[in-house]
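Now for the letters of each chain:
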Amino acid sequence: MEKRVTFSSTTVGLLFALPMLLLIFVFFYWPSAQAVYWAFTLEQPWGGGNAWVGFDNFRQLLSDPVYWGAISRSLVFALSSTAIAMGMALILALLTDREMRGHKIYRSVFIWPYAIAAPALGLAFRFILAPEAGLLSIINQVWPGLWNPALDGKDAMIAVIVAFSWKYIGYNFIFFLSALQGIPRSLTEAAAMDGSGPLRRIFDMQLPLLTPTLFFLLVINITESFQDSFGIVDVMTQGGPARATELMVYKIYFDGFKGLDYSGAAAQSIILMLLVILLTIFQFRFIERRVHYK
Amino acid sequence: MAPISIRNVKKSYGKTPVVHGVDLEIRSGEFIVILGPSGCGKSTLLRMVAGLEEISDGEIAIDGTVVNRLEPRQRGCAMVFQNYALYPHMTVAENIGYALKVSGVPKAERRQRVESVAKALSLEPFLDRRPMALSGGQRQRVAMGRAMIREPKVFLFDEPLSNLDAKLRIAMRAEIRRLHRRLGATSIFVTHDQNEAMTLADRIIVMNAGKVEQVGTPEEVYHFPSSRFVAGFVGSPAMNLLEGRVNEEGAFVYDQGRNIALSPERGRAFAGHRVVLGVRAEAARLVSPETPGALPATADFIEELGASRVVHADFDGLPFAVALTGNVRLKPGDRIGIMIDPDAIHLYSADTGAGLAAPARMPSKSVDA
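As given, the protein sequences belong to chains A and B, one line each in that order. Take 1 as the starting number for the first sequence in full-length UniProt numbering and just add one per residue. Take 1 as the starting number for the second sequence in full-length UniProt numbering and just add one per residue.
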């Protein structure tokens with residue numbers, strides 16, 4: 001029996017879909033189209049007319065070393081936070097998988113950081129990593145001035161990477177753990193009978209069988225690190241010191257809303273969008289086909 | 001090749017005991033089948049030998065060494081799993097050769113040994129395939145190859161044939177038997193399928209509810225089941241079991257009230273006891289209902305087995321199976337008579353299920369219990 005409800009007339013169906021379509025249009029397609037339009041015009045700071053300038057905005061951006069700086073910082077941020085978040089999550093999941101007592105608690109507890117809004121998280125880490133009073137102030141007690149994210153660009157970058165990774169460790173952990181538990185017990189046992197110890201089994205059995213999950217999380221983590229980093233950067237460093245933590249997404253906000261350069265910011269968001277799309281396509285084309293066994 | 005001693009081995013999960021003290025001496029090179037219904041603890045026992053399950057109490061020794069504290073890899077056992085447990089990300093050759101790779105055998109020797117195992121199991125054309133691309137029977141053979149390549153002292157099989165279709169199962173049975181003859185490794189095979197147990201075993205161990213019910217050759221287990229449970233579990237159809245009492249005259253009176261004659265000395269020995277009377281389908285004879293001494297019954301349905309036939313009869317409301325010989329024509333509803341030879345009767349205690357008496361015709365090792 002057909003379980004779906006079918007409508008005889010297309011109009012009724014469309015009417016049902018309309019509220020959702022409207023939402024998507026208003027909050028997604030319209031702004032995106034607007035951004036594309038702005039990217040090719042020169043907008044006046046206080047509104048009131050614009051002029052078509054073609055690719056001028058893009059040409060200007062791509063010849064600006066400051067913008068290239070933001071791109072390379074974003075890449076550094078994306079790669080290191082993804083590596084830390086996935087690596088730590090994997091280690092935690094492997095440990096949890098071996099001794100499952102209380103796993104239900106871990107499961108729910110580790111997902112909480114993901115539910116914390118980025119600004120709140122940023123604020124918490126600002127306190128934790130504060131050079132004069134935070135946890136790391138001990139370092140400064142021993143070597144004065146060694147840790148200071150407000151002055152040292154490298155320290156600031158480390159601080160935002162740590163905060164961002166912390167948020168995603170829990171998220172990745174959940175996926176890794178459930179993937180590990182999805183590996184049939186008898187496979188592990190067969191490997192044990194074949195003489196493989198726990199550490200060897202991680203590399204010969206568990207990691208190869210986790211690759212679909214690894215790949216999925218790689219895509220998610222990299223994509224999110226380009227987009228979800230804004231709140232943390234804004235609260236913790238405002239892109240400073242001296243642009244050391246000015247990531248692409250933060251620069252869009254800064255140029256657009258602080259610098260009132262709508263056209264430049266719009267062009268930047270188009271570039272960011274293209275970059276994320278390209279990275280995702282690349283990952284799907286070149287990595288995904290090696291990770292499935294069916 | 002190694003003897004295995006299992007001494008008073010127990011297993012419990014938390015406070016729930018699942019294996020209650022098993023004692024077994026398995027000779028070197030013997031093929032042992034552990035037979036029992038699901039949940040009887042047979043797989044748990046096997047996994048304790050393998051080292052996949054901790055031994056709660058007692059001792060297991062392989063080749064004279066107590067292995068309780070040893071890791072699976074140190075015990076020299078190889079195991080074939082029910083669902084084969086092939087590594088999905090490795091080719092057939094890598095699957096078979098994994099144990100050698102782990103133990104650091106050089107690549108050239110590894111390849112040569114994988115090829116010779118593959119040849120023995122006719123797996124050569126599939127060496128580069130992944131398990132996903134194999135049929136059930138081929139996967140089964142890869143699992144065997146993976147166990148064989150290490151030339152283990154002990155082979156463990158955990159219901160390895162239960163996922164195969166009937167025809168393949170019989171073919172694999174023969175193959176396992178042949179393999180055992182060639183390699184001579186001590187083997188323990190766990191199954192719930194009595195045909196498998198009968199055809200493969202040197203000795204069968206029948207387990208029920210965490211206890212060993214009987215240990216014996218297939219013939220012993222079939223002809224002299226030592227307890228009511230074994231009698232009702234082994235054989236197809238299972239032994240007919242009637243519960244009742246031996247009266248003062250030495251005849252068996254079953255609960256519906258009719259008498260079945262026992263041999264005089266049995267009748268005397270068990271007079272007044274509550275017992276369970278057991279008769280194999282082929283030990284009962286079909287006669288015309290008018291024959292003096294015959295038990296009247298009604299044919300219920302006739303099971304056609306090709307080479308033989310079994311009548312399932314309704315005997316005062318109790319099911320009773322009789323093997324048919326010759327060309328007797330019967331249809332459901334026919335009145336029939338059943339003759340039971342007093343010498344073919346087994347008696348079990350109605351309270352404990354323990355064996356009291358077995359047919360006198362063959363020398364029995366399991367009369368006393």
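Hints were generated in silico from the structure; no laboratory data involved. Honestly, I wouldn't trust all of these hints.
Claimed, not checked - Derived contacts from chain B toward chain A, CB cut-off under 8 Å, selection only: (1) G76; (2) C77; (3) Y222.
To be verified - Now the stretches of chain B that chain A is said to cover, found in silico as 3 or more residues with beta-carbon under 8 Å: (4) 78-84; (5) 288-300.
For glycine and all other residues, C-beta sits at the position ideal for the given N, C-alpha and C.
Quick rundown of the hints versus the structure:
no. : hint    : result
1   : G76     : 10 Å, violated
2   : C77     : 7 Å, holds
3   : Y222    : 32 Å, violated
4   : 78-84   : holds (count 5)
5   : 288-300 : violated (count 0)
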